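First to last, the protein sequences are chains C and G.
Numbering-wise, the working numbering puts 156 at position 156 of the first sequence, and it's gapless, one number per residue.
Numbering-wise, the working numbering puts 21 at position 21 of the second sequence, and it's gapless, one number per residue.
Derived by calculation from the structure, the hints in this document are not laboratory data.
Treat the numbers as computed from the prediction; the structure is a model and nothing was measured.
Hints are supplied without guarantee of correctness; some may be wrong.
Identical copies carry no separate label here, and so any pair may be met within one copy or between two of them.
[Unchecked claim] Straight-line Cα separation of at most 30 Å, DSS-like style, residue types lysine-lysine; simulated pairs:
(1) Lys-367 / Lys-68
(2) Lys-263 / Lys-10
(3) Lys-68 / Lys-364
(4) Lys-61 / Lys-6
(5) Lys-383 / Lys-6
(6) Lys-10 / Lys-68
(7) Lys-266 / Lys-383
There are 2 protein chains.
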Amino acid sequence: MVLNYKAIMKLSGIIIIILGGAMIPSLLVSYYYDETDTANSFLLSIVPMLIIGGIIIRTVKVDFTHLKIRDGYAIVALCWTLVSALGAIPFVISGYIPNFIDAFFEAVSGFTTTGCSILTDIEALPKGLLFWRSFTHWIGGMGIIIFAIALLPALGISGQKIAGVETAGQTFGKLVPKLTQSSKILYLIYFVMTILEILLLALGGMGLYDAMINTFGSVGTGGYSNYNASIAHYDNVYFEIVIALFMILAGTNFTLYYFVIRKRWKEFISDSELRLYLLIILSATMLIAFNLWLSNSYDTMGESLRFSFFQTASVITTTGFASANFDLWPTFSKMILFVLMFIGGCSSSTSGGIKVMRILLLLKYIKRGISIRLHPRAVISIKINDKSVPSDTVSAVINFTFLYFAVFLIGTLLLSLDNFDLITTTSATAACLGNVGPGFNLVGPVMNYSIFSDLSTLLLSFLMLIGRLELFTIILLFTRQFWNPDK
Amino acid sequence: MVLNYKAIMKLSGIIIIILGGAMIPSLLVSYYYDETDTANSFLLSIVPMLIIGGIIIRTVKVDFTHLKIRDGYAIVALCWTLVSALGAIPFVISGYIPNFIDAFFEAVSGFTTTGCSILTDIEALPKGLLFWRSFTHWIGGMGIIIFAIALLPALGISGQKIAGVETAGQTFGKLVPKLTQSSKILYLIYFVMTILEILLLALGGMGLYDAMINTFGSVGTGGYSNYNASIAHYDNVYFEIVIALFMILAGTNFTLYYFVIRKRWKEFISDSELRLYLLIILSATMLIAFNLWLSNSYDTMGESLRFSFFQTASVITTTGFASANFDLWPTFSKMILFVLMFIGGCSSSTSGGIKVMRILLLLKYIKRGISIRLHPRAVISIKINDKSVPSDTVSAVINFTFLYFAVFLIGTLLLSLDNFDLITTTSATAACLGNVGPGFNLVGPVMNYSIFSDLSTLLLSFLMLIGRLELFTIILLFTRQFWNPDK
Numbered sequence: 001m002v003l004n005y006k007a008i009m010k011l012s013g014i015i016i017i018i019l020g021g022a023m024i025p026s027l028l029v030s031y032y033y034d035e036t037d038t039a040n041s042f043l044l045s046i047v048p049m050l051i052i053g054g055i056i057i058r059t060v061k062v063d064f065t066h067l068k069i070r071d072g073y074a075i076v077a078l079c080w081t082l083v084s085a086l087g088a089i090p091f092v093i094s095g096y097i098p099n100f101i102d103a104f105f106e107a108v109s110g111f112t113t114t115g116c117s118i119l120t121d122i123e124a125l126p127k128g129l130l131f132w133r134s135f136t137h138w139i140g141g142m143g144i145i146i147f148a149i150a151l152l153p154a155l156g157i158s159g160q161k162i163a164g165v166e167t168a169g170q171t172f173g174k175l176v177p178k179l180t181q182s183s184k185i186l187y188l189i190y191f192v193m194t195i196l197e198i199l200l201l202a203l204g205g206m207g208l209y210d211a212m213i214n215t216f217g218s219v220g221t222g223g224y225s226n227y228n229a230s231i232a233h234y235d236n237v238y239f240e241i242v243i244a245l246f247m248i249l250a251g252t253n254f255t256l257y258y259f260v261i262r263k264r265w266k267e268f269i270s271d272s273e274l275r276l277y278l279l280i281i282l283s284a285t286m287l288i289a290f291n292l293w294l295s296n297s298y299d300t301m302g303e304s305l306r307f308s309f310f311q312t313a314s315v316i317t318t319t320g321f322a323s324a325n326f327d328l329w330p331t332f333s334k335m336i337l338f339v340l341m342f343i344g345g346c347s348s349s350t351s352g353g354i355k356v357m358r359i360l361l362l363l364k365y366i367k368r369g370i371s372i373r374l375h376p377r378a379v380i381s382i383k384i385n386d387k388s389v390p391s392d393t394v395s396a397v398i399n400f401t402f403l404y405f406a407v408f409l410i411g412t413l414l415l416s417l418d419n420f421d422l423i424t425t426t427s428a429t430a431a432c433l434g435n436v437g438p439g440f441n442l443v444g445p446v447m448n449y450s451i452f453s454d455l456s457t458l459l460l461s462f463l464m465l466i467g468r469l470e471l472f473t474i475i476l477l478f479t480r481q482f483w484n485p486d487k
Numbered sequence: 001m002v003l004n005y006k007a008i009m010k011l012s013g014i015i016i017i018i019l020g021g022a023m024i025p026s027l028l029v030s031y032y033y034d035e036t037d038t039a040n041s042f043l044l045s046i047v048p049m050l051i052i053g054g055i056i057i058r059t060v061k062v063d064f065t066h067l068k069i070r071d072g073y074a075i076v077a078l079c080w081t082l083v084s085a086l087g088a089i090p091f092v093i094s095g096y097i098p099n100f101i102d103a104f105f106e107a108v109s110g111f112t113t114t115g116c117s118i119l120t121d122i123e124a125l126p127k128g129l130l131f132w133r134s135f136t137h138w139i140g141g142m143g144i145i146i147f148a149i150a151l152l153p154a155l156g157i158s159g160q161k162i163a164g165v166e167t168a169g170q171t172f173g174k175l176v177p178k179l180t181q182s183s184k185i186l187y188l189i190y191f192v193m194t195i196l197e198i199l200l201l202a203l204g205g206m207g208l209y210d211a212m213i214n215t216f217g218s219v220g221t222g223g224y225s226n227y228n229a230s231i232a233h234y235d236n237v238y239f240e241i242v243i244a245l246f247m248i249l250a251g252t253n254f255t256l257y258y259f260v261i262r263k264r265w266k267e268f269i270s271d272s273e274l275r276l277y278l279l280i281i282l283s284a285t286m287l288i289a290f291n292l293w294l295s296n297s298y299d300t301m302g303e304s305l306r307f308s309f310f311q312t313a314s315v316i317t318t319t320g321f322a323s324a325n326f327d328l329w330p331t332f333s334k335m336i337l338f339v340l341m342f343i344g345g346c347s348s349s350t351s352g353g354i355k356v357m358r359i360l361l362l363l364k365y366i367k368r369g370i371s372i373r374l375h376p377r378a379v380i381s382i383k384i385n386d387k388s389v390p391s392d393t394v395s396a397v398i399n400f401t402f403l404y405f406a407v408f409l410i411g412t413l414l415l416s417l418d419n420f421d422l423i424t425t426t427s428a429t430a431a432c433l434g435n436v437g438p439g440f441n442l443v444g445p446v447m448n449y450s451i452f453s454d455l456s457t458l459l460l461s462f463l464m465l466i467g468r469l470e471l472f473t474i475i476l477l478f479t480r481q482f483w484n485p486d487k
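Construct all of the structure, not just a fragment, from the sequences and the given hints.
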């Protein structure tokens with residue numbers, strides 16, 4: 001057998017139960033706000049899920065230690081798809097998103113922490129449902145953390161600095177115990193971050209419900225808001241600063257926080273990826289601010305800085321919150337934001353995109369290439385954090401980047417069959433693949449993704465999953481080699 | 001001394017004389033059409049150039065055998081810039097393009113065989129000047145052929161199959177004698193191609209003057225026309241087919257014609273780059289034709305095929321002729337053309353862009369990357385034409401591609417300061433860097449490049465040169481390492 005189908009079945013059972021359980025907070029929120037219909041929708045989702053999941057777990061007996069890397073890929077891909085399909089159920093049952101494809105898109109967008117919506121009027125939804133919608137970001141963020149640590153080493157970027165997990169060989173099962181330990185630390189960080197942001201927002205006068213929604217959106221770098229105008233709804237500098245800072249924290253390599261906990265400040269501060277990440281944020285903020293100011297988009301340099309900082313933080317971390325309609329900004333500013341969509345945050349963070357670590361490596365690769373032109377016989381190694389990067393890691397990063405652009409191109413071509421303009425088409429593809437959320441023109445920050453055909457909605461859901469799972473996890477499943485292991 | 005300045009001076013003298021001589025045909029055309037003012041403009045350019053060039057050659061004594069690769073880069077970059085600056089003189093003197101920056105742009109666009117124009121009404125120019133404008137394409141095409149053979153091996157893609165020229169070491173001077181032999185064959189092919197197309201167009205009823213203009217535009221893959229409507233002016237299927245075929249021939253690796261001459265058909269037909277090139281043309285033609293037909297852009301599938309074939313050939317070879325206003329086509333078709341702008345024709349041809357050979361190698365690289373995910377210990381080599389490609393060639397190609405996109409991004413960002421829309425900005429940058437010519441929206445096939453500021457006009461000229469000279473030739477000149485050889 002190519003795959004360990006029994007193990008996959010058993011894991012599906014576990015996932016179904018976990019997701020059923022994950023809906024309980026939203027059920028409680030519905031009761032709290034006396035939204036009986038919404039509460040019933042959740043009950044109709046939760047109860048069958050717990051029953052079906054329970055039956056599967058009881059009946060399927062399996063030994064997980066024999067899982068291979070191949071099974072790992074299949075499980076991860078299936079897991080995210082299944083979770084999204086199940087997560088869509090309350091949207092459909094409640095009648096607020098009757099089309100299942102749309103509801104699936106909304107759930108994929110949530111779990112992948114993308115944050116683009118097919119809803120034309122978000123504020124028309126009951127609070128319980130909006131809570132679930134944002135809570136998917138938070139769950140997704142947790143999922144990404146374990147994914148980034150379990151699979152990223154096998155995918156060529158070892159963001160792994162904690163438990164000394166080696167680059168994975170063939171056995172996926174053996175990896176799991178080592179991971180559990182480090183995951184615990186990371187989940188703790190994620191929890192602390194969540195509580196802290198909710199508190200800070202509440203202290204600034206934001207209601208607890210809104211504080212939770214915005215926190216889920218920022219620590220998961222998702223970007224779902226409960227208002228049509230997103231963060232611009234509040235028009236509050238304090239909220240913007242808190243949210244921006246937490247987006248940046250969530251876009252930082254989580255394994256770096258381990259250094260913070262151990263008070264190894266020097267290693268934290270000297271991390272090359274972190275430095276480039278902060279440098280990009282600083283440069284983009286300044287460039288956009290000057291552009292906004294000089295083009296009279298805002299009256300003062302202060303206002304320009306306020307909006308440019310928030311939007312830079314939001315887009316590079318691939319969150320997608322908006323504190324202004326940046327689609328009206330001058331072309332230079334929009335172009336910078338478009339580039340940031342591709343860059344994304346740090347590796348092993350909850351953000352999407354190509355990731356700063358890969359960009360850093362590519363910049364060093366280009367620099368080395370130029371040197372080699374002048375000194376053809378020189379042997380120059382690529383170093384990051386004072387360590388030579390092995391050539392197979394370099395290859396993996398290059399491959400990832402080309403594949404990223406290839407998927408972007410194919411996605412754009414397929415999406416263009418809907419015949420919207422080039423900017424809408426390319427930015428929608430880039431925003432979904434990079435898990436950002438809003439794009440430009442018809443999918444700009446005050447618009448939504450309801451314009452696309454059902455097929456395109458599925459395509460965009462697929463792009464969000466591909467982007468979230470670092471391409472290979474999904475793409476491998478479509479290769480002949482994957483299903484012919486002996487070849 | 002970092003560079004051999006004496007040799008550079010001497011070569012400049014030679015270039016000035018050659019370019020002065022190259023203007024004589026245009027002078028004769030001016031006399032033929034009784035355009036005395038234009039003729040005088042040419043005389044005022046030619047005479048001083050011959051005198052100054054002559055003086056330089058007589059006074060500077062130099063031994064060329066001591067030239068290094070470093071000097072080679074500098075000479076090539078200087079040569080193209082100087083030729084463009086000198087080629088701009090008749091436009092300025094005649095008063096038809098009074099602004100020197102605009103005239104320089106027009107000349108760069110000519111010599112780099114790009115074909116984008118700042119002229120708002122091409123037909124207002126005298127025939128002698130339009131002849132010169134198109135003749136720069138033809139000269140540029142010759143320049144590229146020698147460049148592709150002299151420098152490309154050193155730049156990592158060895159399109160070299162004729163004279164057995166080895167990948168260049170440090171000595172540029174030693175390369176030259178070997179090159180002379182193979183260049184002769186290639187120039188012969190270029191001449192034969194030119195004569196043949198002029199004849200075929202004339203046989204179809206096109207006037208000799210027009211036939212020459214269109215031939216210069218197609219064999220050099222330039223795209224300057226003497227009509228505002230470009231090839232659409234004739235509305236003649238025969239002309240379109242002849243021009244399209246010659247664009248495709250000019251976009252083919254010229255060293256392959258050596259196989260044709262030697263009747264080594266099997267090697268010609270089995271060439272991987274040629275096959276992919278033709279496959280892309282076929283696929284793009286069919287996809288665009290169906291899209292045009294299904295979207296009712298044209299009444300019949302026949303008409304759709306006619307226009308899609310011509311435009312595909314024109315854009316992939318980076319010629320830029322237009323037989324229709326493709327800017328009005330549906331988004332899917334435009335997106336395909338946009339992608340073709342980046343791909344470009346074959347290596348060692350007169351076309352620009354990334355080149356099919358590099359795309360082929362990257363596709364194989366991506367495929368290998370996917371295999372490695374599943375078989376981490378496998379050693380898989382990349383083969384082209386049944387030969388393993390050395391890893392440093394692979395690196396050079398990867399480097400080139402990343403650099404291409406980096407230059408594209410930086411170019412787009414700088415150009416966006418002019419604050420035209422994103423499509424105009426990105427397509428203008430891509431069309432100049434890829435030496436295509438027209439882009440979309442404000443720089444579409446029936447528009448022109450007169451909208452940009454002087455700074456942006458210079459930037460676009462620079463992008464055309466960078467693209468034409470395969471990036472490194474120009475970029476190296478801006479590195480510290482180039483000017484500090486001992487470091």
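Status of each hint after checking the structure:
no. : hint              : verdict
1   : Lys-367 / Lys-68  : between (38 Å within a copy, 22 Å between copies)
2   : Lys-263 / Lys-10  : neither (41 Å within a copy, 65 Å between copies)
3   : Lys-68 / Lys-364  : between (34 Å within a copy, 27 Å between copies)
4   : Lys-61 / Lys-6    : within (8 Å within a copy, 83 Å between copies)
5   : Lys-383 / Lys-6   : neither (43 Å within a copy, 40 Å between copies)
6   : Lys-10 / Lys-68   : within (15 Å within a copy, 67 Å between copies)
7   : Lys-266 / Lys-383 : within (18 Å within a copy, 46 Å between copies)
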